[in-house]
Amino acid sequence: MDDCQLITDAQGGDTDAFCELVARHQGPIRAYLAALVFEPESVFDLAQDVFLTAHNKLADFDATRDLGAWLRGIARTTALAHNRAAARRTRREHTAAQLALALAAEREQAPDERLTALHGCLRQLAHNRPEVLHLLEQRYTHETALSALARELSIAEGALRVRLLRARQILRHCIDTRIAAEP
Amino acid sequence: MTPEFESLWLAYRADVLDAAGDRRLAELIATDAGARKQALADLEIEALLRTSAITDDAFVRATRARLAAHGDTARFVASLHPQLPARRRHGSTRRARRWPWLTTAVVVAAAALIALAMRLSSPAAPGLDPASSHPRSITLGPAQITFDDDCQYQLIDDALVVSSGGLTCSVEPGHGGFALRTSHATFAVLGTRFRIETDAHTSAVAVEHGSVRVTRNDGARLLVEAGLHCSFTQDGPLIPSLNREACALIIGSASKPASSNQLGAVLRRDGWQVLITNDTDLDTIPSAVDLIIPLQTARSSRLDDPSQGWHQLPVLNLDPSVNRWLGISADRDDDYLDDPGGAIAVPDTDATWFAGLTGTVQVQSANRPLYWADPLPKAQILARVAEHPQRACAILKPRSHTQAPRLFLGVNPVAEPSPAGWAIIRAAAAWLVSEHRRHESR
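Note that the protein sequences, when read in sequence, are chains W and G.
Positions 112 to 294 (our numbering) are the ones given, in order, by the first sequence.
Positions 73 to 514 (our numbering) are the ones given, in order, by the second sequence.
Keep in mind the hints are simulated off the structure, nothing from the lab.
Beta carbons: idealized from backbone N, C-alpha and C, even for Gly.
A portion of the hints provided could be inaccurate.
Looking from chain W toward chain G, a few residues come up when the C-beta cut is under 7 Å (computed) [stated by the list, open to error]:
| id | residue |
| --- | --- |
| 1 | C130 |
| 2 | V133 |
| 3 | R141 |
| 4 | A145 |
| 5 | P151 |
| 6 | V154 |
| 7 | Q249 |
| 8 | A267 |
| 9 | A270 |
| 10 | R277 |
| 11 | L282 |
| 12 | R283 |
| 13 | H284 |
| 14 | C285 |
| 15 | T288 |
| 16 | R289 |
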């Protein structure tokens with residue numbers, strides 16, 4: 112079933128149809144938001160907000176239009192509002208404000224393929240650098256607290272932060288390489 | 073990254089950047105394209121990792137739950153009154169037929185499956201039965217839910233709605249997206265272990281691992297992370313507090329501020345973060361501490377109210393007077409703390425928690441019976457002071473009140489402890505904090 116029919120069903124009150132639209136579009140929207148917000152932990156909530164906003168406005172949406180583009184528009188507005196609020200409340204206001212500006216200026220389009228490339232790179236790490244993958248999994252999949260992870264590794268938290276930074280740099284290099292190699 | 077930029081960036085991400093560093097980092101991001109690119113890329117990678125860690129199904133489940141929470145208000149309100157007939161849903165079979173793959177790939181919302189399981193397990197029940205007929209424990213996919221005996225809950229469409237009582241829920245890491253509702257809020261679970269309690273006026277959540285997003289009915293939101301809890305009403309403040317479960321221990325002290333302060337001073341010198349507070353204020357402890365010394369007052373009821381439920385609670389009971397609070401009969405004639413010359417020994421455990429301390433503490437294996445006059449059937453001895461086993465030991469007993477921490481150390485502040493007594497108290501504190509941290513690290 113195409114988006115158009117699902118949108119029509121959802122506009123008629125079919126929650127399952129709307130959830131199917133969520134299932135289809137959540138990956139790109141989350142990837143899009145991931146590049147737009149400077150509080151990574153907020154992506155999950157903001158993506159939900161995007162779909163709730165879409166649900167509330169769905170009656171006014173023309174089912175023949177591109178739903179993905181419409182959702183990205185909502186996501187962009189949501190992310191910018193979030194960044195402005197976050198910049199106001201952070202104690203590191205100068206840096207946060209600069210990041211908000213930079214994100215707004217440089218991330219007009221967030222390629223969905225970065226999420227796909229990330230998955231490929233994680234598989235690659237499992238083969239080439241299992242210790243790096245373990246570190247990333249502990250921190251981001253299992254949400255292990257920095258303090259607990261540092262204790263497990265018998266290193267200081269500061270050293271752990273540096274290791275995580277290095278791990279993310281390895282991952283970023285891999286993602287960039289994969290995307291550049293694509294035709 | 074240049075060393076300067078990396079240093080500033082790490083401090084920024086650790087939230088320890090000072091004002092001068094903040095200005096310098098902002099300047100670098102504004103003027104140095106390379107630095108700006110690296111900062112944005114690092115943020116993006118971290119966000120992608122966090123995004124990637126949450127499964128697609130989990131995201132859809134959570135979104136569905138929030139839709140349900142903000143959807144049919146009339147049905148939701150009706151659901152809180154089991155005696156009122158609730159409208160059944162007739163569309164699920166039709167939808168499953170239309171998108172059969174959807175029922176396995178997407179509509180695996182934990183709450184929906186719970187509903188399905190409930191209906192399948194009791195086909196005569198309409199699915200919206202009074203809560204009393206529901207099982208008290210469910211293991212389903214990534215979610216394990218244990219309901220208190222008095223918990224009243226219902227399954228409304230795809231949402232599990234709790235109208236009163238408490239439950240404990242565990243969701244495997246990486247499988248978040250499970251959601252629960254009370255009459256005040258929706259609790260979206262992000263891979264965690266947590267507990268929820270609610271009644272007509274209040275809802276509360278205490279998070280042991282992971283985090284729980286609270287979205288109150290008025291739209292106010294709060295991320296409650298591990299070690300914190302939040303108790304709130306429909307329109308009051310939505311502010312997290314230190315999770316009582318996260319306290320390493322509370323030292324029970326019977327209205328003797330001077331002695332308590334002495335305890336506090338000794339334990340602070342040992343490096344613990346100690347807070348002395350009225351025991352009626354345990355719910356509003358503002359920041360993380362290792363040890364709490366609650367002062368009992370005439371209006372205190374925290375330490376002796378046996379009507380608040382049963383939870384496993386390791387208690388290091390160093391003083392017979394504490395037994396009274398715990399409902400245990402014991403001889404109170406002597407105070408071992410005044411006994412000189414004790415020496416700490418740990419004969420049957422591999423623990424090294426008492427290194428460098430003197431005194432006598434004998435740690436035993438668990439599951440030995442208590443031999444007080446009124447043994448508690450669920451209690452277990454965890455540790456004892458060797459020379460006075462009948463008056464000092466650690467037990468695992470049912471919790472007698474909801475406001476207690478998981479770990480509890482009782483001492484008698486009336487007597488002035490001898491050096492050996494202080495050594496025992498300090499060793500006990502170290503042992504309990506260590507036990508707590510071991511529990512946390514698991």
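Going through the earlier hints one by one, which of them does the structure break, listed in rising order?
-> 7, 8, 9, 10, 13, 14, 15, 16
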